[in-house]
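Asks: The lines below spell out each chain.
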Amino acid sequence: MSESPASGQRASWLEVSSTPVMRIGLVCPYAWDVPGGVQAHIRDLAEILISWGHDVSVLTPVDDPDTLPDYAVDGGRPRAIAYNGSVARLTLGVKATGRVHRWIKEGDFDVIHVHEPVAPSLSLLACWVARGPIVATWHSSMDRSRALAAGYYLAQTAMEKVSARIAVSEHARRTLVDHLGGDAVLIPNGVRVATFADAAPAERASGPDLVFLGRIDEPRKGLPVLLTALPRILERYPDVTLNVVGPGDETEVLIGLDPDVQRRIRMLGRLDDGQKASQLAAADIYVAPNTMGESFGIVLLEAMAAGTAVLASDLMAFRRVLDQGSAGMTFAVDDPEDLATKALELLDNRELRDELAAAGRRRVAGFDWEHIAQRILAVYDSVRVPGEKVRVDLRGQLVGRLAGRSSASSDRRGPTDRPRGGSGR
Amino acid sequence: MNLTWWQWAVILAVLVLVGLYLSMTAGRLDRLHRRIETSAASLDVLLTRRTALTLEIAGSGLLDPATSAVLLDSAHATLAATQDGDDPSVRWLAESVLTRTLSQVFDDPTDVAELRDEPDVVPLLNSLAGTCQRVELSRRFLNDGVRACRQVRRQRLVRWLRLAGHTAWPQTVEMDDTPPVGLSGPPV
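Protein chains in written order, with this note's numbering: chain Y, 1069 to 1493; chain S, 7 to 194.
Derived from the structure by calculation, the hints contain no laboratory data.
A few chain S positions that, by computed beta-carbon distances, are all more than 12 Å from chain Y: (1) T10; (2) L18; (3) A19; (4) L68; (5) L69; (6) P71; (7) T107; (8) P115; (9) A119; (10) L121; (11) R122; (12) R162; (13) W166; (14) G171; (15) H172; (16) E180.
Simulated restraints on C-beta separations: (17) Y:E1320 with S:Y27: 51 to 59 Å; (18) Y:K1457 with S:T73: 34 to 42 Å; (19) S:L28 with Y:E1456: 26 to 34 Å.
Remember, it's a predicted structure, so these values are computed and weren't measured experimentally. Where a beta carbon is used, it is the ideal one built from N, C-alpha and C, also for glycine.
With the hints as constraints, model all of the structure from the sequences given.
Replies: See the structure below:
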């Protein structure tokens, strides 16, 4: 630790006591310009840490490097690779390792924080190349144990370097504990509460508004369940509008629907965060008819932040987010009849909707990024040592060593030079 | 004994595989030991910071003299235990005592809220609250690493071939690190 001799011993202790500015490296496993929960999480975390004065660099794969914000570093284009029974878009290979190597060497980080480090990705490579405090966050629950079995040795080597593990949900924590042993701290996903709470409500039709968010042609998101329930809702409230926000082929979804029902549906396509917030703020009820419990339920929290009553399927993850139903109403999973009944109950009772919205606002405060990012910073502090940096460490790693050489030599080359193939090419 | 060429080849292949396995395991052990070292250093920094903050609050004149004396006593005990400790358990015991003293002094959020009226002390109390939370996390992560390392070191080959070298058997840190109830609230 560097300290001026004049500061004295006691003062130097206290210097450490306020969280000092840290250099933090975040690693994103998926392409930055493809919308996704993990990417959004990393973006929000990076931006709030930067607003608090920390030095943050995000290493991420990206298709079009021009879309990167100035705190992000291009980790290369992801390539479609057959992995684990499906085609995944991953970034790997000697060249990618070289980029990770250079990013860590030049980053001079106090801590690096990798996300979803199990799939062969930049996250895994970063664990592999780095030495020092590494924090890892698991986002999804991996029911396919093959995902781990395939790259088990690779994952294990990387995992043993991870000093602190975070899981965003109980589900993710359990799979992690079952597959890799050890433990993880539970820190949920964050929500930018202010963005949603302050959103100007979108223009709306005269009748009550329902809103659905998510890929419309992904059955797990449950749009078909909602569409089946819609005629019964329209029987009592013919002026209801269903706003559908999300990408996907709409003709396929609407096929076979009564034209009178179709007329009450507004397909809005993919919207950006601001427009999404406005739609939520304008709606009377946000409906989450998901049929599978793999997601964390971040949209539920966004709806709560926007002050909209939530009606969600009775999935474990959703019940947890809704505080066992006290911050939103639930209906039986994949049951359009129950959905319609509960939706009518909410439409009948304005007071109940307001109550749920108020409970939702209170509930979501604990998930605000301001709060979540503080908890993540506490994890960083609990594994790092002030003054010690993350370094490159390639001992015992053949491929890594080759990549290290090629990146070192590419430092000296101009960007347009061809590699001269000194590393086993 | 006459062996054909392929029998030699099999023996050679087995030897190479065993060698690779051993070098990989040695690498794993090295990584695990290093991770434990960093985690232990981090816990040490946090505990030292907790002591320093306790001393600072006790010396601030904010609390009544009796409470200040109790805090000073427990905090000094952790310093003494750190300095002369050949036996780490002496230190963990002293730190546990400090944990309990802090829990008794800051046992009620409403009392602590009154203390917060004094603007000078707010950053100190916030730092103490944050540090206590970090101590709890840090010990948990350290023990996690120790358990992972022990698992590898219990393997027969590792013991027989002394792959861990002279590195001491890793010890978990057993102490009471429950953050004081009165200081809970939004983490800082």
